[in-house]
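Sequences are here, hints too, so could you generate the full structure?
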Amino acid sequence: MKALRWISVLPVALMCGYIAWFVGGFINNLTIALFFGPVEGWVEMVSNFMNHMYSGLAFVLSAVWVAPSGHRYVAFAAFMLVAVFAGASLYSSFEIGKFYALPSIAGALFGSFAGLFVGLSGWPQVTSQRK
Numbered sequence: 001m002k003a004l005r006w007i008s009v010l011p012v013a014l015m016c017g018y019i020a021w022f023v024g025g026f027i028n029n030l031t032i033a034l035f036f037g038p039v040e041g042w043v044e045m046v047s048n049f050m051n052h053m054y055s056g057l058a059f060v061l062s063a064v065w066v067a068p069s070g071h072r073y074v075a076f077a078a079f080m081l082v083a084v085f086a087g088a089s090l091y092s093s094f095e096i097g098k099f100y101a102l103p104s105i106a107g108a109l110f111g112s113f114a115g116l117f118v119g120l121s122g123w124p125q126v127t128s129q130r131k
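Per this note's numbering, the very first residue in the sequence shown carries number 1; after that it's consecutive.
Everything labelled a hint here was simulated from the structure, so no lab data went into it. From a predicted model like this one, the values you see are computed outputs, not experimental measurements. Don't be surprised by glycine CBs; every beta carbon is placed ideally from N, CA and C.
Quick list of the computed label-pair ranges, beta carbon to beta carbon:
| id | residue 1 | residue 2 | range |
| --- | --- | --- | --- |
| 1 | E95 | W6 | 34 to 40 angstroms |
| 2 | A3 | I96 | 39 to 45 angstroms |
| 3 | A33 | S92 | 28 to 34 angstroms |
| 4 | L34 | L14 | 29 to 35 angstroms |
Okay, structure coming up:
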């Protein structure tokens, strides 16, 4: 059973990150459209930051939650995975000269960094009910 949980860490983390991005983005865009009007300009930048923040946070925390042991190592590994992809995205953003992805990259790093702190604190512990 532990092997199955280790195998499912990355797919579940990716799925939870995408679901958090989708649901959080829907709720953000809906509330922003209701209170601020059209989502454009700085409001769109904040919305993209928050959507990717939810995604990074959900990715790290769901990886920690699914892992059967070594939660702190899993939190750090998930954060480093997000950081590597954020670095690649940052490099490509500067290479092609389009900087509109920077708030999204910053949001993913901020959310995964918050998930790293929560994961290092040992909060999302999964305990088995069977003895």
